[in-house]
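Novice: Sequence:
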Amino acid sequence: MPRCTPRTTLDRLRTPRRFPKFLKAASICVLVAGLLSPLTQAAAAGGTAGLAANDYCGGQCSDILPPGENGNATLAQIFLNQVFGTQPDHAEDQLGPYSNLAAGYSTLTDDKINTFFNDASFGVASDQVASTTKPGGRTDVTIVRDKKSGVPHITGTTRYGTEYGAGYAAAQDRLWLMDVFRHVGRGQLTSFAGGAPSNQGLEQEFWRNAPYTEADLQAQIDSATANAGARGAQALADANAYLDGINSYIDASDSGRYFPGEYVLTGHKDAITNAGTIDHFKLTDLVALASVIGALFGSGGGGEVNNALSLLAAQSQYGVTEGTKVWESFRERNDPEAALTVHDGESFPYATKPDTAQGEALPDAGSVAQEPLVYDRTGSAGTAKATGASATAAATTLTSAKRGMSNALVVSGKATASGHPIAVFGPQTGYFAPQLLMLQEIQGPGLSARGASFAGLSMYVELGRGQDYSWSATTSGQDIIDTYAVELCQDDYHYLYHGTCTAMDKVERTNSWKPTTADGTAAGSYRMQVYRTKYGPVEYRATVGGKKVAYTTLRSSYMHEADSIIGFQMLNDPDYVKSPGTFQSAVQHINYTFNWFYADSAHTAYYNSGDNPVRASGVDAEFPVWAQAAYEWQNWDPATNTAAYTPASAHPNSVDQDYYISWNNKQAKDYTSAPWGDGSVHRGNLLEDRVKKLAAAGGVTRSALTRAMADAALADLRAEDVLPKLLQVVKSSPVTDTAAAAAVTKLSDWVTAGARRKETSAGSKTYANADAIRILDAWWPLMVKAEFAPGLGTDLYTAFTANLPIDESPSAAHGPTGAHAGSSFQYGWWSYVDKDIRAVLGQPVQGGLAQKYCGGGSLSACRDILISTLKTAAGLTAAQVYPGDDQCSAGDQWCADSIVQRALGGIKHGRITWQNRPTYQQVVEYTSHR
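Taken in order, the sequence shown gives residues 587 to 1516; the numbers are from my numbering.
The set of hints was computed from the structure by calculation and includes no laboratory data. It cannot be assumed that every hint is accurate.
Unchecked claim - Using 25 angstroms as the maximum straight-line C-alpha spacing, the simulated SDA-like pairs for lysine to any residue come out as follows: (1) 1092 <-> 799; (2) 1311 <-> 1476; (3) 1311 <-> 1326; (4) 1255 <-> 799; (5) 868 <-> 837; (6) 1092 <-> 951; (7) 1255 <-> 1476; (8) 1457 <-> 1513; (9) 1278 <-> 694; (10) 1494 <-> 1476; (11) 1371 <-> 1005; (12) 1000 <-> 1367; (13) 698 <-> 715.
To be verified - Quick list of the computed label-pair ranges, beta carbon to beta carbon: (14) 1234 <-> 693: 53 to 63 angstroms; (15) 1106 <-> 1473: 16 to 26 angstroms; (16) 1129 <-> 1317: 51 to 61 angstroms; (17) 826 <-> 1339: 51 to 61 angstroms; (18) 1106 <-> 672: 17 to 27 angstroms; (19) 1129 <-> 1339: 48 to 58 angstroms; (20) 1388 <-> 940: 45 to 55 angstroms; (21) 645 <-> 1317: 49 to 59 angstroms; (22) 1236 <-> 1433: 16 to 26 angstroms; (23) 1131 <-> 962: 26 to 36 angstroms; (24) 902 <-> 962: 35 to 45 angstroms.
Note that the Cβ used here is the ideal one computed from N, Cα and C, for glycine as well.
Let's have the full structure, built from the sequences with the hints guiding it.
Specialist: This is how it looks when you write it as C-alpha cells:
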C-alpha cells in the first residue's frame, strides 16, 4: 500500500469537486488502509496452469482491448486515481501498447506484433500465473489470471461451474458498468447514477427504442429458450449459473468491503457503516443489457420519416419527376462504384426499389411533429442542457445513420506467405473507462473460446477465437426497421388495426435524482412516456392526405433481444463450429444486423446476419407505409412480432474469396443498406485499396496486414480520396492569389506525404502537415455548402444534411462517445463531392448525381467557389477551427482529435493519439486444424 500522506498535506491538495467531504477528513489514512486490505486478501497469488493442448494457433493469435481488463476500483483506489493519478492493477496496461501502434506500425514485423497486442493463446504458462481463485469456494471451476494483462482464464469441470466462474469473473472486472447498463436498458439510469444531462440523454436514447416492461423482458427469455429446443434449455441453465456467479461476487465483495467505490459515491453504500445494498442480478437484467447493445451496434434501418421529408423537399424544389430523380441520386441505394465486401459480382437483392411503390404514406407538408418522450420536468430536468440532451438523444435514435463502426481485413491463404489465411479484425465500440467489452478465456464442457464479450453478457465469448478458428463482426446496417402510418380514430391514442379502433398501450417510467458525490446535478425528475401499438412504438405524429396518423417504428428484433444467445452459444462450442459452413450456420441464429468473418488454417468465410423481414410486394422500405394488412411483413404475427424472413442463401455470404474487407460499407451488389452514403468514396475504400494491393502481390504476413490496417487508421479519407480531385480543379488554371496558392501547396504536400493525421514523432502531440490538416478541417464544411446549397436550395440542402451529415472528422462530436471517439469518416458527403467534381472535370462517373452542382457545372465557376472557400478556410486560426472543449484548450489540434476513454466510473485515463481502428482487435493466423 502507498505511504499515506499526512492530513496537513492532503488539505493542501486539490480535492476533486466530485468527491465527498469525508475524503478531506483526518480519518482518510485509516479509510484508505481499510478499503485496500480486503482487495489484497481477495486476490490470492500463485498457483500453476499450463498452456492448453487444444490450441491450434501455434502462438500466432493476438488481441488487444484498451484501457485494461480491470474495470472495478474500490473507493480508495478511485481516490488515489483522482488525486495522484495512480491506476489499479491492470486498469490501463493495454492502453499504451494499443496507442503505440500508431507510431510503430511502419516498421512492424511478425516477431514484434505482441509488443502492441496480447498473446491470445489458450491457457497461462505456470510462470505467468498472477492469481488462482476458486470462486464461491467451488471445486468445479478455477479462475486463473495472467501477470501481463490480468485476463481471467476460466476452466470448469462442469458446465454449471464454468458458467458460474464466468459470471464471477465478469463481476470482478465490470460490476459497476454492468449495473449502469442494466439501468440504461430499463430507462432508469438517472435514478441510479445521477441526473447529469448525459445520463438523461443516454437513458432516453435507449428507452425510446426498447420501452419494455418487466413482463416484456421475461417473455423474451421464455420465447428465446422455448423455441430453441435443447440449446434453449442449455442457454437458460447457462444464464442462471452465470447469474449465480455474479451474485456470489456481489455478496463476497459486500461483506469483504471491496465492492466498486462508485456505489459509495452515488449513495448506494455507506463507506463507514457499509449500510446499503447492491441489488442482485436477475435474468431480465440480461435482456435489458442486450437491448442496449443491440440498439447500439446491431439494429439497421429506420429514418423513413426523414427520407420522406427530404423527398418532399426535392419534389418541391424540382417538381415531382426531377425531384424524385435528384433524391434517388443522393440516396445511392445501390451505387455501382461502392466498395463491396462480397466483390465477386454475386447479387443479393434486398430492400430494392420497387417498380411501382405500393402503400406509401408520405406526410402532408409541414405536418410532422416528433412524439415527445419526456414530460413533467422538475428541477434540473428543465435546464437548457437537459432539454438539449433530450433533443440529441431523439435525433440519434430516429436516424438511419447508426454508428456501427468496426472493421475487418481477411486474406485467403492463396495470397499469404504461409499458405494459411490471415485476419486482422474487431469491433469499434467506442472508448470507455471501463470498456464496454471485457476479455476472458472460457474452457469447460461444450465451451472452448477466448475473446471479448459485452460486460454482463459474457456467459459466452461473443467475438474471439475457438480452438482452431477465429471470428469477428462489423455492424452491417441493412434495413430491419420499418415505419408504419397508423390511422387514428376516436382520439390521439386510438388507432385502426385491421378496421377495429384499438387503444394504444402507454408505458411510463418516472425517474428522479438528487445530488451525490459522483454527480452534483441538482435535484430533478421527469416522466418518460411511450405509446405502443401493434406496429411498434409511436415516434411521430402527422397528417397524410388530411388524415391524422401516428408514425410507428417496427424492428424485427423488437421483443427478441435474447434470441441471439443461441448463435453465440454455438460459436463457443468446439463440437459445433468445425468449418466455414458450420460457422455460417451458427451466426444465422443471430438476429442482429452484423457482418461476420471467419478464419481457420485453411479457409475464410463471411455471412451477413439479421432477421430480414420479407416485405409485401411493392413496398418501398425507404418510406413510411400504411398500417394495413396489405403492406405488413409477410406472415407477420403482432402478438409475437415474428414474420417471414429472407432465407440464409439470400443474405450476402461467401467462402474463400481472395480477400474480404469491411468498414460498415456495402455488403454486396444489390443489397441495400439503410444508412445513406454508400457511394464512390467510403471509409471502406481505405481498406479495399490497401488489402487488394497486398492480396494481388501475394506473400501477405500478419505484420503486413496489420500495417495496412494501421495505415488506414491514420488516413484522412477526404484527403486521400477526394482532395486530389479538388486540387485538380483548383490547379486547372494558375493560382495567382498568394494566400490560396500557399494553401494549395500545403495541401498538395500533405497528399504527397500520404494524407495521414500522424504525429511528427511518437508522443510529440503535434501533427506533421498540421497546417494542411487545419485547412482541410476548416475547408470541407465551407466547400460542401458552397458547392451544393445554391443548386439544391436551402430547404433541400438542410433536409439532405438530416439524412447524411456532411462531415465526420476526428475532432467532430459523433459516435457513441461524442467527441474524442476515435471512429471517424463513417458518414459524410465525400461521395457526393467526388462524383460532382469528377462530373465537372468531365471524367466518367457511374451512378452520378442527377445534376452538376459545383459552379452549376462550369469548371471555371466551380474553381472560383473552391478557391474562395479555401481562402476563407486558410484564414481561420487553429483556435477557430478547434474551439476547445472539456478536454482540450482552444487551438490544440492534436488534443481535439485525441481519443478519450470516457469515464463511466471513477477511474480516469490519459488521452491517446487519434487512430481510426477497432477497440478490440485480433490478429490471427492458424497453423493447423483438428
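Novice: Next step is simple, just say for each hint if it's right about the structure.
Specialist: Cross-check of the supplied hints:
1. Pair hint residue 1092 plus residue 799 holds up; C-alpha atoms about 11 angstroms apart against a cutoff of 25 angstroms.
2. Restraint check: the Cα-Cα separation between residue 1311 and residue 1476 comes to about 31 angstroms, which exceeds 25 angstroms; the hinted pair is violated.
3. Between residue 1311 and residue 1326 the alpha-carbon distance is near 16 angstroms, which keeps this suggested pair within the 25 angstroms criterion.
4. Pair hint residue 1255 plus residue 799 does not hold up; C-alpha atoms about 40 angstroms apart against a cutoff of 25 angstroms.
5. Taken as a hint, the residue 868 and residue 837 pair is honoured in the structure, with Cα atoms around 14 angstroms apart against an allowance of 25 angstroms.
6. For the given pair, residue 1092 sits about 28 angstroms from residue 951 by alpha-carbon distance, which is inconsistent with the 25 angstroms threshold.
7. Using a Cα cut-off of 25 angstroms, the hinted pair residue 1255 and residue 1476 is violated, with the two alpha carbons roughly 45 angstroms apart.
8. Distance restraint check for residue 1457 and residue 1513: the Cα-Cα separation of roughly 56 angstroms exceeds the 25 angstroms cut-off, and the hinted pair is therefore not satisfied.
9. Distance check on the hinted pair: residue 1278 and residue 694 sit about 20 angstroms apart at the alpha-carbon level, within 25 angstroms; holds.
10. With a C-alpha separation of about 22 angstroms, the suggested pairing of residue 1494 with residue 1476 holds against the 25 angstroms cut-off.
11. Simply put, residue 1371 and residue 1005 have alpha-carbon atoms about 50 angstroms apart, too far for the 25 angstroms limit, and the pair is violated.
12. For the given pair, residue 1000 sits about 43 angstroms from residue 1367 by alpha-carbon distance, which is inconsistent with the 25 angstroms threshold.
13. Between residue 698 and residue 715 the CA atoms are separated by roughly 23 angstroms; this keeps the pair inside 25 angstroms, and the hint holds.
14. Between residue 1234 and residue 693 the Cβ separation comes to about 44 angstroms, which falls outside the hinted range of 53 to 63 angstroms.
15. Evaluation of the 16 to 26 angstroms hint for residue 1106 and residue 1473 yields a pass: the beta carbon distance comes to about 19 angstroms.
16. Distance hint check: the CB atoms of residue 1129 and residue 1317 are about 52 angstroms apart, consistent with the given range 51 to 61 angstroms.
17. At about 57 angstroms, the beta-carbon gap between residue 826 and residue 1339 stays in the expected band of 51 to 61 angstroms.
18. Between residue 1106 and residue 672 the beta carbons are some 24 angstroms apart, a value that agrees with the proposed interval 17 to 27 angstroms.
19. With their beta carbons about 56 angstroms apart, residue 1129 and residue 1339 fall inside the hinted range of 48 to 58 angstroms.
20. A C-beta distance of roughly 24 angstroms is found between residue 1388 and residue 940, which places it outside the suggested range of 45 to 55 angstroms.
21. Between residue 645 and residue 1317 the C-beta distance comes to about 52 angstroms, which sits within the given range of 49 to 59 angstroms.
22. Evaluation of the 16 to 26 angstroms hint for residue 1236 and residue 1433 yields a pass: the beta carbon distance comes to about 23 angstroms.
23. In this structure, residue 1131 and residue 962 meet the distance hint of 26 to 36 angstroms, their C-beta atoms being roughly 34 angstroms apart.
24. Range check, residue 902 to residue 962: about 38 angstroms between beta-carbon atoms, so the 35 to 45 angstroms window is met.
Hint check: violations occur at hints 2, 4, 6, 7, 8, 11, 12, 14, 20; the rest are consistent with the structure.
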